[in-house]
Amino acid sequence: MSDLEKFRQKTRIWLEENAPESIIGVRFTELDGNWGGRKAEYGNPDMKVWLDRMADRGWTAPTWPAEYGGGGLSAQEAKVLSQEMTALRIPPALVGFGLTMIGPTLLRFGTDEQKQEHIPRIVRGEIRWCQGYSEPGAGSDLASLQTRAVREGDEFIINGTKVWTSYADKADWIFCLVRTDPDVKKQEGITFLLIDMETTGVSVSPILLISGKSPFCETHFQDVRVPVRNVISEINAGWTVAKALLGHERTMIADTFGAGSGRGKKRSRGIMAEHALRYLGEREGEVADPVVRNEVAQNEMDTRAFGLTVQRAKDAAKAGHQPGPESSMFKVYGTEINMRRNELAVRIAGPQALGWEGPGFDEEEIALTRDWLRSRGNSIEGGTSEVQLNIIAKHVLGLPD
Amino acid sequence: MEMVLTEDQELIAKTANDFVKEKSPISRMRKLRDQADPMGYSRALWKEMAELGWVGIALPESVGGAGMGMSELVVVVEALGRSLAPEPFISCVGLASAAVLELGTEAQQELWLTPVASGEQTIAFAHLEPETRYEPHAIQSEARREGDGFVLSGRKIQVLDGFGAEAFVVVARTDGASGEAEGISLFWVPADAEGVSVERQTLLDSRNAAIVQFENVQVPQASVLGEPGQCGEALERIIERGTVVLCAEMLGGMSEAFRLTVDYLKEREQFGTRIGTFQGLKHRAARVFMEIELARSCVMAAARAIDESSEDASKLVSLAKARCSDAYILAANEGVQMFGGVGMTDEYDIGLFMKRARMSELTLGDANHHRKRWSALSNY
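As they're listed, the protein sequences go chains R and L. Using this note's numbering, the final residue of the first sequence is 418, and nothing's skipped along the way. Using this note's numbering, the final residue of the second sequence is 1485, and nothing's skipped along the way.
Bear in mind the hints are in silico, worked out from the structure with no lab data behind them. Errors might be hidden in some of the hints.
What the hints assert, rightly or not - Here are the in silico distance ranges between beta carbons for each label pair:
no., chain 1, residue 1, chain 2, residue 2, range
1, L, K1460, R, A334, 29 to 39 Å
2, L, K1460, R, P417, 25 to 35 Å
3, L, E1271, R, K23, 57 to 67 Å
4, L, E1107, R, E38, 35 to 45 Å
5, R, G337, L, K1136, 37 to 47 Å
6, R, P417, L, E1107, 30 to 40 Å
7, R, D69, L, E1341, 53 to 63 Å
8, L, A1149, R, A334, 40 to 50 Å
9, R, K23, L, T1120, 37 to 47 Å
10, R, K260, L, T1120, 38 to 48 Å
11, R, T257, L, A1149, 54 to 64 Å
C-beta: ideal position from N, C-alpha, C; glycine also.
Construct the entire structure; sequences and hints are all you get.
Rendered as structure tokens:
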């Protein structure tokens, strides 16, 4: 038996023995997974038990180095772990921006001291992170950000406002881009800084979206004092760190939208086809409205083609090819498919898609409407489609400025 | 399925691309057109391609092929598509040879495919009829049993590379009504058989196509492919193979049309600057890029699915043809628009790609047809 197969067996046995029964088969959406943090609330206390058991082995962050509390697994072993968890229907013990965004960034750019301070606490789910990038005056043109950091001895004094800080109201720390030099080219005066949300002068207010409640907040900084040792990389070198992290965010967003219908067993209907049959009826085994039938097929086929392209990029990476700026297309295309899917779903539901809340609409229909509204932000957040198309034109096609 | 080229496939691609650069620039296709060459392609170059192992790349070793698969064949055909090379890969290899492989006995395969793999002979697939459009089973040509064999009558149109082909694989009906899978039969008919007449057609891309008329053609039992009347399902598999080969050619064509366009955007100056600086054009070019990347993934997946006999293969073939149809038309239309006035002239190559894009879009099913097929295969 290969080492990998031995690892698979041992892993399966450990999972079977340690995953509390009450969490097996529990399906989380991205929003209600276990995000951890100081303010974490556990509806099911077994979820905390599960988190602690996984964290003890570093398996909340399986590939991170063991010296910082990670699992120290190879990519192959981590894949096996994930496969076994899926097979046993065990949900992830921990999710969040610590694992997906700031953790990898710290491992790449942080000092040993910074890694020792933050990484173990991410692995254990003790600290929940949020991201402070955008500002009211700095959206697509992120580098024009104005949140000021003025140095005073061993501290920076921060003043300014960040917007679209997802879950800032629930987070313990924020990783921020701040302006440390206003007199140089805009990208060159930015610093990447970690701030404890409990510091005096930090306040948070939620943002209401067209789709209703949202995880988005505004985060205000008024004379907030932050130690200089919380700078990641060098002072005024934050743009490089930020870009590395953004690339990661875009891949993550693309992955989220890349999965979907159109896959699976021969002759099995996808979710959108079922949806169309429910609202428009069936005629001789087909969606009764041929135009809608065609649109459903188009959407499924777009999704499948996109999924195959994401797979191709991953297989190329595994084969040792460097991923290039073409990953920008994943953000544009993945989000736009999702938006078209939502548009189509709403049109198929017809008048039943017009509910906001209350009687006359089932839960699914209300969610349909809210999801459609929310999806309109997909091509804006994380870099607008237009910015991504600029990146493709310049860096992939080599078109002149 | 691994969505990345193997080292062998990388090497095949490099050889094919080098060959195209050296021996098959677009000017070669242009010359064949301008001379109104009745074959529309070069038999000599076809022989060279056979000697390089490309014609038989996906044919079994028993007939002199390389015993590889669709995943390798598409790499070769994509390279040829870049230069609009008109050699008969889709018709002879993708369709007619696939039919002999799918339905023929070992003896039939050896007898008929050996001269194909060596480049000595070409064979064509006589399928389309005026009423067929894209429905494989909409066939009216009739074969009735007579003695040991059959007597075949019918009129086939747009038989790709049918002019000059040594033999035809003919789709006819021994039973049932047009549109039904039941009753579909396939026959091997030499071009010089009594009652066969071939008339060259002129299509917009100037490639070889013919009307082939069969009038009471005697087909001996030894020339019957598969079980008479029971080949409806096999016909779909054959057409799927041909479709993937066509998609590979389309992928090469759209990639090259787009490359020419992007190069032009970097050169052409108007309003005192290169037109590639205009965001209005940049974004459109970026969108064409994305569509071509998606098409590429679909062609790779369809070829691999056929090689692996995946139960998903039929859907992936329709996915590939739908995407290649839309993407090639987009790349060609955007190309001509971005070239501007000169894009409308015969002198510039972009117009040749536009013609080939339309030809290949409307051959073996357009995007709309394949979306309908996808729906049917997905049970809605």
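Hints versus structure:
1. L:K1460 to R:A334: 29 to 39 Å: Between L:K1460 and R:A334, where Cβ atoms are some 38 Å apart, the hint holds.
2. L:K1460 to R:P417: 25 to 35 Å: Holds: the Cβ-Cβ distance is about 30 Å, inside 25 to 35 Å.
3. L:E1271 to R:K23: 57 to 67 Å: holds (59 Å)
4. L:E1107 to R:E38: 35 to 45 Å: For R:E38 against L:E1107, whose Cβ atoms are near 38 Å apart, the range 35 to 45 Å holds.
5. R:G337 to L:K1136: 37 to 47 Å: holds (42 Å)
6. R:P417 to L:E1107: 30 to 40 Å: For R:P417 and L:E1107 the Cβ distance comes to about 37 Å; the hint holds.
7. R:D69 to L:E1341: 53 to 63 Å: With a Cβ separation near 56 Å, R:D69 and L:E1341 satisfy 53 to 63 Å, so the hint holds.
8. L:A1149 to R:A334: 40 to 50 Å: holds (43 Å)
9. R:K23 to L:T1120: 37 to 47 Å: 43 Å Cβ-Cβ, so the 37 to 47 Å window holds.
10. R:K260 to L:T1120: 38 to 48 Å: Cβ of R:K260 to Cβ of L:T1120: about 39 Å, so the range 38 to 48 Å holds.
11. R:T257 to L:A1149: 54 to 64 Å: holds (57 Å)
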